[in-house]
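Enquirer: This is what each chain is made of:
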Amino acid sequence: MNIVFSVFQQTMFFTIPLLIVALGGMFSERSGIINIALEGIMIMGAFVSILFINRTQGVLSGQTQLILAVVIAAIAGMLFSLFHAFASINMKADQTISGTALNLFAPAFAIFVARILQGVQQIQFTNTFRIESVPVLGNIPIIGDLFFKNTYITTYIGILILILSTIVLYKTKFGLRLRACGEHPQAADSVGINVYKMQYAGVLISGAFAGIGGLVFVIPTSTNFNATVAGYGFLALAVLIFGQWHPVRILFASFFFGLMKTIAASYSGIPVLASLGVPSYIYKMVPYVTTLVVLVFTSKNSQAPRAEGIPYDKGAR
Amino acid sequence: MKKKLLSFVLAGCMIASLTACGSSSKTTEPTNDSSKTETTESTDAATDTKEDAVAEGEASADGYELALVTDIGTIDDKSFNQGAWEGVVQYAKESGKSYKYYQPAEKTTDSYVETIDLAIEGGAKVVVCPGYLFEEAVFISQDKYTDVKFILLDGEPHNADYSEYKTADNTMAILFQEDEAGFLAGYAAVKDGYTKLGFMGGMAVPAVIRFGYGFVQGADYAASELGLDSVEISYHYTGGFDATPEVQTLAASWYGAGTEVIFGCGGGVGNSVMAAAEANGKAVIGVDVDQSPESDTVITSAMKKLSVSVYDGIKAVYDNAFQGGKTTTFTAANDGVGLPMETSKFKTFSSDDYDSVFAKLAGGEIKINNDTKESDTNAAVGAFGLKVAKVNVVQ
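As given, the protein sequences belong to chains A and B, one line each in that order.
If you're matching positions, the first sequence starts at 1 in the UniProt record's numbering and goes up one per residue.
If you're matching positions, the second sequence starts at 1 in the UniProt record's numbering and goes up one per residue.
Be aware that a few hints might be false.
Claimed, not checked - For each label pair, taking beta carbons as the anchor points, the in silico distance ranges come out as: (1) 137/A <-> 239/B: 30 to 40 Å; (2) 143/A <-> 204/B: 34 to 44 Å; (3) 231/A <-> 123/B: 35 to 45 Å; (4) 271/A <-> 379/B: 56 to 66 Å; (5) 193/B <-> 302/A: 54 to 64 Å; (6) 387/B <-> 142/A: 39 to 49 Å; (7) 290/A <-> 106/B: 25 to 35 Å; (8) 123/B <-> 302/A: 52 to 62 Å; (9) 341/B <-> 116/A: 27 to 37 Å; (10) 297/A <-> 239/B: 29 to 39 Å; (11) 143/A <-> 296/B: 27 to 37 Å; (12) 94/B <-> 290/A: 51 to 61 Å; (13) 274/A <-> 379/B: 18 to 28 Å; (14) 290/A <-> 144/B: 46 to 56 Å.
Claimed, not checked - Stretch-level coverage of chain A by chain B, calculated; a stretch enters the list once three of its residues show a Cβ under 8 Å from a Cβ in chain B: (15) 7-20; (16) 115-127; (17) 209-221.
Bear in mind the hints are in silico, worked out from the structure with no lab data behind them.
Glycine included, every Cβ here is placed at the ideal spot set by N, Cα and C.
Use the sequences and the hints to build the structure in full.
Expert: Below you can see the structure in the form of structure tokens.
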């Protein structure tokens, strides 16, 4: 049973950053702007917030510091995504190219600034954030072991983001307008919605989430930040497509990816799987093969926002 | 006719600009990615900015005398390149030489050779090449520039198909007995009471493999010395040098399954192992340099004294004592490998224990099987003839 718990806890370390970042991507794409800059924004968010943690070490610690870092990561990601918003909304640039530019810029910037500030590119941090067991809730049998032990407060922030995203997207005026801009911006404009504003909102939300995702990714994974998030921004895009731009499906998709990645990485420590003798490559392939299969079956009536990737031109009605 | 002429001119322009791209890319601003071409001034290096001004000032006269060409990593990789770079910087500062490092565009021999050319054009008299990836590049360059001295770490110059090995008189090849460092780490861990060990290497390159083999044999040696019944070792190469959730998860699963200490052998891999160890309250053994400042979980480090070897090498050049034309191996015998006993967190393993096993290694009393030719880890481990330790190779 302990193995089940530890696999589940590890799965969360994969799932939550993927979930948060993919939800960010969802907001942007639902507003009609493709955001492949998620990787770069993750790096930027992680960079600024880890730097904050590094600088305030000793003064702050524990959950206060982590929550402040989350806020800082969100702001950093948002500011950075402004470049993408400006290029692709105001300047009507190719959204893929603008996103790629951000992806290339972010790690270079992180290393450059880190070296100027402290001489080396790795930014050290001390992890004082892990929660061994959540008070009271951690004592619940099974559920406590699954959800409330060996965890980070960011896991709950991720779940909160999921719930809020679902409500905002489907139950508010703002969400309806945002979706309309992604499907048919001309129609939205004709009823008096400011399409540019909506698209800005979408990209900025994606920036904030991706920034948080970067921080959440780095904290349990390493003891320093080395200007990389190991391609998880791109993986989040795959999760987004696998989840068909729908928040709850994105949750399942990211959980599935997370579980498969956990099993692929840790099967040697799980006696049942170790004795099966299936090579780890099989586990590593499963999520991607599944994505392909799912795409084959869903591409005919894909849920992708219709107007995504097309710069909105007021004049073209 | 006019059109034809125009198209010719345009085509010419295009070709010119393409070639310009090719060569100018080498002088672009420093960026992060090791896959990109960079020439980086010593200004943004891991050094003191004040001293750098000196280095740069002198450069105007006859370029940068001491050059280091990095391999995949950067000069602050906390391991190979950094160790070598520290040696360069230390010597340069002491004797007022100018110095600079160059980062090749790609991980290819062609690119390494080009970068070495560039360093020599930039005035380099001594070129330090850290890593076995430079074996071919140095083989080519050593004959091209006979008045330039090459220091090759972790390898011996040879041609592309390994049919010819040649270390010219202007080249000093430095090898390390990583297996001895690994042996010491494995020995110390078992002597200190750990019976469930793990080895997590980066890519299965010779240096990493030797660390692992030594580690396994050291653990076995200690186990039979202590008369233990069983020592279990999980053994795995991650295939990369990055910190990833995969590595962290694998380490966490090993710790969860009872492993007490993992030898994290390969750049960022070690950091992910440390993260897992912190979460599980377990221990880590560091690699290459003393990694104890990186995490409290690091109980010791299997060190290669890179900076010492580079420093000695450069010093020899200027003292006219350069040991060109042959391979120098840094071992326990000449204090080239070891554990940092001052910063180690052992419970029972004392400095005296360390000194006695170190002396045995240095004196050749202990023989380690370090044959990295066998590509199959299972077969290789089987050939050690381990008495007590049981190695579980994870593919």
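Enquirer: Return the numbers of the hints above that this structure violates; sort them in rising order.
Expert: Structure breaks hint 4 only.
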